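Asks: Let chain A serve as the given structure and place chain B on it in line with the hints.
Read top to bottom, the protein sequences are chains A and B.
Heads up, the first sequence is in this note's numbering, so the first residue is 1 and it goes up one at a time.
Heads up, the second sequence is in this note's numbering, so the first residue is 1 and it goes up one at a time.
Some clues are possibly wrong.
Unchecked claim - Straight-line alpha carbon distances no greater than 27 Å define the calculated DSSO-like cross-link-like pairs of lysine-lysine that follow:
no., chain 1, residue 1, chain 2, residue 2
1, A, LYS431, B, LYS129
2, A, LYS348, B, LYS12
3, B, LYS128, B, LYS108
4, A, LYS425, B, LYS108
5, A, LYS246, A, LYS166
6, A, LYS348, A, LYS431
7, A, LYS52, A, LYS263
8, A, LYS431, B, LYS128
9, A, LYS344, B, LYS12
10, B, LYS201, B, LYS166
11, A, LYS263, A, LYS135
12, B, LYS107, A, LYS431
13, A, LYS137, A, LYS263
14, A, LYS425, B, LYS152
15, A, LYS247, A, LYS166
16, B, LYS107, B, LYS129
17, B, LYS168, B, LYS128
18, A, LYS348, A, LYS135
19, A, LYS348, A, LYS166
20, A, LYS425, B, LYS128
21, A, LYS135, A, LYS166
22, B, LYS107, A, LYS425
23, A, LYS287, A, LYS305
24, A, LYS52, A, LYS137
25, B, LYS20, B, LYS204
26, A, LYS431, A, LYS344
27, A, LYS425, B, LYS129
28, B, LYS10, A, LYS344
29, A, LYS137, A, LYS166
30, B, LYS10, B, LYS204
31, B, LYS128, B, LYS166
32, A, LYS135, A, LYS246
33, B, LYS201, B, LYS10
Stated by the list, open to error - Covered, in the sense of this in silico footprint (three residues per stretch, anywhere, with C-beta under 8 Å from a C-beta of chain B), are these stretches of chain A:
no., stretch
34, 408-417
35, 429-438
Keep in mind the hints are simulated off the structure, nothing from the lab.
Keep in mind it's a predicted model, so treat the numbers as computed, not measured.
For each residue, glycine too, the CB sits at the ideal point set by N, CA and C.
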Amino acid sequence: MSQAIFMQLDLHLFLKDLQILAPSIGHTLFNNIAAIAISIFVAFFITIYLYKYSLYKSSFLIVLISFPHISFCIGVSYLFASSGLFARLFSLFYGNEVPFASTSGHYTDNLIYIFGLSIREVPFLVLIGLNVCDKIKLNLINRQVQALGFSELTSLVNCVLPLWLKSMSLPILVVITFSFSNIEFSSILGPQLPNMINVKFIESWYSTNQYLIRQLNSLILITILCVIFTTLLLAFLRNLSIYFLKKTRFFIKSSFNSNLLGKIFYKLMISIFILTLLVTFLLSICKSWFFPSILPDTLSYDGWKYIFINHLPIFLNSIFISTFISFLSLIIIGLVIENTNKKKLLFKILFILSFTILILPQNIMLIGINDLMNITNIFSVKIWFYFSLFIYVLPYTYFMMKQTYDNFNYQYIRNANVLGTSRFKSLFLIKIPLISNELILIFAVGFAVCFYQFLQGIIVTKGEEILFNNEVFILFSGESINVASSGSLMNLIPALLLFLLIWIRGHHVKV
Amino acid sequence: MLKCEDISIKNKNNITLIDKLNFFIKESEIFTLTGPSGVGKSTLLKYICGIRESNFFYSGRILIDNNIINEVPTNLRRVGMIFQNDLLFPHMNVIENILFATPSHKKKNFEDAANLLNQLNLEYLSTKKINTLSGGEYSRVCLARIMMNEPKVLLVDEPFSNLDKKTKALTRDFFYNTISNLNCATLIVTHDMEDIYSYDKIIKL
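So here's chain A without its partners, still in its complex pose (with noise of 0.2 Å):
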């Protein structure tokens, strides 16, 4: 395979291809884009709710971002399927006239696809949006704005907005990456003739058709040009969109409640993972479910069952793997962390690589993995399965565990210095134990990363090696219903559990 990715690129055959795909790379340009611009749109409107009420827990979007994106891509098909949660809903007042279903062509599945992906994001954005708004004093703006005269909407619209999307580049360009590298929302949601490029992608790195290893990188070479074309676009529209909002005075004197907006966004967001969690449920107890009963005709635990006796091992794996990795991550980044200091070249060694791993798609990194297991055949394939898993899990260690130690307050190292304590001392007396939520946090982050990476066992090991999250996947394509109801939700239970313990500890343990 490592021969198809050096293969010299050439424009002829590339131009052919661009050509041959074209439709798949419409499909995907526009399903993208409406999908990161809504998802923004309305996590923009839900951060300023969710911070103006400071209703917000962190570990509770950290929850949202935690669902497995397969599960709930399992769960939004289930909903809008022609027999789906919502077919049934809509049969109580339409009859069999049920206005969207999945068999109703692509243009359907791409309104599907959209509305999975925007809503999915959306949590992610909001997390990081929560903290712009701290760091921009987005209270301070809005009590200043309104002492000149001007209403709520004008200050959230006109300054507040502005510079909130400046500050979300970053987490706008991961979500950018995401979108033209994730292989379950594009195969279980997207359209299928013709497949978005991200599908088509996985099917040139399976087959033995050399005409479609060679497309390969021509599929490369498409996913960075739609990635850099869309930030270019999203980066255009953002700056247009600050221009007009500097020269303009909109809704001056409008008294338009912005955060009913926010919250109806907020009750809808919260409402669809619910609605996933309880038709998957639902789905992975039923015996038989007729339309249009909306709950089940018979019930069976046979699903259940089939899993805890097929897949228990791979699920208790799976398990097994994510904590060795979490912890081996937050070890390593903590000792670097804790031993340099940011003008060391270690540090900015670390900063660079996580921005790069987080930015650059995650399709093409695993190939240059698979390539670098290839060609230097050292190692067994595990050895690279486990250090793909670690590089992914690395970016979010960093983060959390940097803004940790910003966070921690020194003057409790000086004062266990000053009462003659040594630095090992002070370090496992005085800051572990303080930052010990935040460490426990990030364990957990890191956990739920590795434990719902997904292309790893399907790009670096080629089947080889997988999580249960691939068997998820597996279960989706090729058993019963209930069987791949019962693995999606199993799926969710160790990360659930995990920040179910976190939160019950929260409210216990206050440092």
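Replies: Using the frame of chain A, we list chain B on its own:
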């Protein structure tokens, strides 16, 4: 006991804050260092303690019992310091905070810590959590913790600045009564003339 010779401190713009300062504090003696804000009082205290801030340049010799300690790490200097915003460790209770200043949690150390709290009339605080202490209690426990470490030199940086007037007067009396019975050289930084007691020797910057 504490001798400072030709101490000079410059900031990164090469402006001299302290120029060749010399003083000597004997055992059980209390000196007060006073002067306007930004003149380098706290920076000098930190320097004596071994905390060097990167945006200052230091020169001069610091001696304790005639030994030069300029290169001795903070934790080995036996210089106790109460910072302006001193912090007790919030994950420990009062007695655990005081025991932190001892090499180990042996029974003898525990008894010493309990005796110290008794001497200072603070025994009722021993198992209290840090976040339940009042401002005055907090300052007193900070002093008790540093006393447990038996420092040769005690440096105190505006310890009453965060307290209200009534608490300040009570805590100040408590501090001076306690410190005057210690066998260490004490240097107190303040810009409030009310904090200076008659038996203090004053260094004006």
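Asks: Starting from the hint list further up, note which numbers the structure goes against and sort them upward.
Replies: As far as the earlier hints go, not one is violated by this structure.
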